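Number of protein chains: 2
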Amino acid sequence: MAKNLTTRGEDYSKWYNELVIQADLAENSGVRGCMVIKPYGYAIWEKMQAELDRMFKETGHQNAYFPIFIPKSYFSKEASHVDGFAKECAVVTHYRLKNAEDGSGIIVDPEAKLEEELIVRPTSETIIWDTYRKWIQSYRDLPLLINQWANVVRWEMRTRLFLRTAEFLWQEGHTAHATEAEAIVEAEQMMHVYADFVENYMAVPVIKGTKTESERFAGALETYCIEALMQDGKALQAGTSHFLGQNFAKAFDVKFAAKDGKQDYVWATSWGVSTRLMGALVMTHSDDNGLVLPPKLAPDQVVIVPIYRSDEQFDAVSEAAKEIQKELRAKGLRVKFDNRDTQKPGWKFNQYELQGVPVRIAIGPKDLENGTFEVARRDTLEKEVMAKNEVVDKVVALMDEIQENLYSRAVNHRTEHTTEVSNYDEFKDVLESKGGFISAHWDGTSETEEQIKNETKATIRCIPFGVDKEEGSCMVTGKPSARRVLFAKAY
Amino acid sequence: MAKNLTTRGEDYSKWYNELVIQADLAENSGVRGCMVIKPYGYAIWEKMQAELDRMFKETGHQNAYFPIFIPKSYFSKEASHVDGFAKECAVVTHYRLKNAEDGSGIIVDPEAKLEEELIVRPTSETIIWDTYRKWIQSYRDLPLLINQWANVVRWEMRTRLFLRTAEFLWQEGHTAHATEAEAIVEAEQMMHVYADFVENYMAVPVIKGTKTESERFAGALETYCIEALMQDGKALQAGTSHFLGQNFAKAFDVKFAAKDGKQDYVWATSWGVSTRLMGALVMTHSDDNGLVLPPKLAPDQVVIVPIYRSDEQFDAVSEAAKEIQKELRAKGLRVKFDNRDTQKPGWKFNQYELQGVPVRIAIGPKDLENGTFEVARRDTLEKEVMAKNEVVDKVVALMDEIQENLYSRAVNHRTEHTTEVSNYDEFKDVLESKGGFISAHWDGTSETEEQIKNETKATIRCIPFGVDKEEGSCMVTGKPSARRVLFAKAY
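Same order as they appear, the protein sequences are chains X and D. Offset between the first sequence (1-based) and this note's numbering: plus 697. Offset between the second sequence (1-based) and this note's numbering: plus 697.
No lab work stands behind these hints, which were simulated from the structure alone. Treat the hints with care, as some may be off.
Identical copies go unnamed one by one, so any copy, or any two together, can satisfy a pair.
Restricting the straight-line Cα-Cα distance to at most 35 Å, the calculated cross-link-like pairs of lysine-lysine (DSBU-like) are [unchecked claim]:
no., residue 1, residue 2
1, Lys1063, Lys1045
2, Lys947, Lys1045
3, Lys831, Lys784
4, Lys1063, Lys1085
5, Lys1091, Lys754
6, Lys1019, Lys831
7, Lys784, Lys947
8, Lys1176, Lys810
9, Lys744, Lys959
10, Lys754, Lys993
11, Lys711, Lys810
12, Lys1028, Lys754
13, Lys947, Lys774
14, Lys993, Lys1131
15, Lys784, Lys1091
16, Lys1033, Lys754
17, Lys1150, Lys795
18, Lys744, Lys1019
19, Lys905, Lys1125
Keep in mind that this is a model prediction, so the values were computed, not measured.
Could you put the whole structure together from the sequences, leaning on the hints where they help?
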């Protein structure tokens, strides 16, 4: 299986970078920190988008679109928000280029300077809440449940394909409510929607929880999150949903008249997932042979590769291939028949393994003689020769089987890599030797959290949701703790 | 029908602006020239996107995503391209904000100046062809058929919602081919795909043709276009498809090895339609009562409005409404039952008329007694009381009927507003008195074209495609002309 792919054991980080490029998911562009999402990678993202969009609409949300530019003054209105994003903003200052007078080339026209600089959105709370002021007058206008699919820019200094890029694609929900309780229900609901999507479509198990104060979104009163565990024992934040209180309503003066006529500020949430999910997908399931895709998100769920020498054989094999393709498509499967004569079967086998196609069917002249096909599944790499008339049912069943196998493998890996510790030495030891999630007692202060982060690079990933409280004492300070929280090193 | 909507007769331009805002399609944002696309407007755009995306995929194209930023140096590589876009570019010069030392607020950090300025893409030929150099080595990599859905920015000084905005949403196809002939076939194919979509989904008839040299896309050897005629007699360019020759391949050094091993530059096309189509949709079908939507693109094709006084009546009417909703949905229609008690039926009638819902069904207590419903169609404003058991079939049939009626009305309007003229005086006269498309002889020079534009504001919309040649003499210079071309004032 020589694919020039570094193995995970050798260097996990290098394996990831190579895999993303070799499987045709994405590559770096000539623009610092910005990636090109290649057709195969984008096709997976489109499948994710379609499911998420359906889930958002089923929970009553509508899509809209807001400007990519945010005037600097808007951005400054919510104090903690600007603090959180100021250091990584792309700033538009001019609106024209011109030919240099000395003939040296194209330059920015100094006379075309904007009166007020524009920030390329790193997130859209400010421009959206400036708009909501016009949309919301009375309780009749609430709740306002809006989502936006968009590109955003955060000027990251150290970037990695999908995981951390200067520009990325995402969706951002922004909702407005009449009461605090309703806004909190919305923020929690979206955490559950995200968990549902990530577990049931991506086959990636997640822990739901809330962030500590220091890890919250800039401007939020509470940040709900879903945290996944990658194969190398590092955590990845897969989605966040924020309860924003009345912070943005106050900053942008968004009030509504209640049924009794009283004026009050509106309550807000925002929530988002991004192309970062592609990174989580890769790092949860893939192996040393390449990408492994869950059937629900695979652009091609089945690929048929013909094996032949003569034109005559090709015609006979093609006929059988097209027949099975038709039957599988009739069952709703996405099936590709790769009949290119520019590439050999071995090359194709390699390619589809690298690209994670869940099931491969090979058909050759001997199969035609014997009335059999060879069916290979990508998750286990098992091959089976089966009678032609069994293939359709078996392959249809494999879709669920592979989807479930990937999920349960990931759950097992997480279980094996989740450790309860009772003291700080044990914590450091587990972190170093085994990684993964570490469940430990913490005294609830940002100081202790900061100390642990500085000493070990581990952060509190979340305060798990819906888990029983358990009294104990902080592993670092010995102060009382009401419950265990989840630590890990993270992407 | 008092909607505070200016009539088309009073002021067409004002009518358009008011309609777009009142029908909840879009509004201006706090950012100069950038619009907010509101949920109802965005829902129509999503329907357009879905159909176009399907058509692109059926013709073999795949989606991908390229960076929003283009380094200034890339932009400068194709000379006519930079000339065409330099005057309207948003330029990113810095990547960080900070607190001013004098406490005056947030400022751009002068130390975070980019080494090379980045242009927010006005179109993506340059960044994409810089990428294609890596993707294309041999004839096996061709054709490369890619589309991107994206936002782009062109710093327009005078903007109008949907028609001309600083930021707009669009798709841009970028294809690479081994031969000139194949690239031309592709560019022509996409013109036909656009025409198919605009005529059969938007119900907007178009003229296909090519642009004159001076109206071509910056960097193209040929620009194919589709031109529609608005109600006020002005033309609107609804989509363009460009044959780019080898210009971008040469500028970005994209060569391929042919089957015989010879190296040659790749042949290119690009093609796009944008949210501008929303403007064409509004200005083709709508009337003094508001928007009129073709059923194929209407987010709600049918709305059911209950009429009642008592709770008891509401329950009885609701039951009948839900039943008919269910039956119509089973036929594949998008049906909304507006059971809000916060608004009166009259308000709802007005609202759905303003928003162009193709069919409205009203159900009141009398209807229940008589076993009838009132069905109103938006295009003709006709109302009909019909027996309950006829409603489903009738409403299903209305979808096609309305779609076709809108199209044929628009064709008739265009026919009435297309005039052949034989001299320049007649030309100016028709342009002034009647507007519309004017078919006239022209000597083929940019000078004459420029003169006509300066003297009358009319431009050559296109050299119509597939129309017989007809010899004549230029209406301005009297020089020989091989064929008539189509003039109009345009959006």
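Structure-based check of all given hints:
no.	hint	result
1	Lys1063 / Lys1045	within (19 Å within a copy, 69 Å between copies)
2	Lys947 / Lys1045	between (59 Å within a copy, 32 Å between copies)
3	Lys831 / Lys784	both (30 Å within a copy, 33 Å between copies)
4	Lys1063 / Lys1085	within (12 Å within a copy, 63 Å between copies)
5	Lys1091 / Lys754	both (34 Å within a copy, 29 Å between copies)
6	Lys1019 / Lys831	between (57 Å within a copy, 34 Å between copies)
7	Lys784 / Lys947	within (24 Å within a copy, 39 Å between copies)
8	Lys1176 / Lys810	neither (56 Å within a copy, 47 Å between copies)
9	Lys744 / Lys959	neither (45 Å within a copy, 40 Å between copies)
10	Lys754 / Lys993	both (19 Å within a copy, 20 Å between copies)
11	Lys711 / Lys810	between (43 Å within a copy, 31 Å between copies)
12	Lys1028 / Lys754	both (26 Å within a copy, 21 Å between copies)
13	Lys947 / Lys774	within (9 Å within a copy, 48 Å between copies)
14	Lys993 / Lys1131	within (31 Å within a copy, 57 Å between copies)
15	Lys784 / Lys1091	neither (54 Å within a copy, 61 Å between copies)
16	Lys1033 / Lys754	both (31 Å within a copy, 14 Å between copies)
17	Lys1150 / Lys795	between (49 Å within a copy, 26 Å between copies)
18	Lys744 / Lys1019	both (25 Å within a copy, 32 Å between copies)
19	Lys905 / Lys1125	within (24 Å within a copy, 70 Å between copies)
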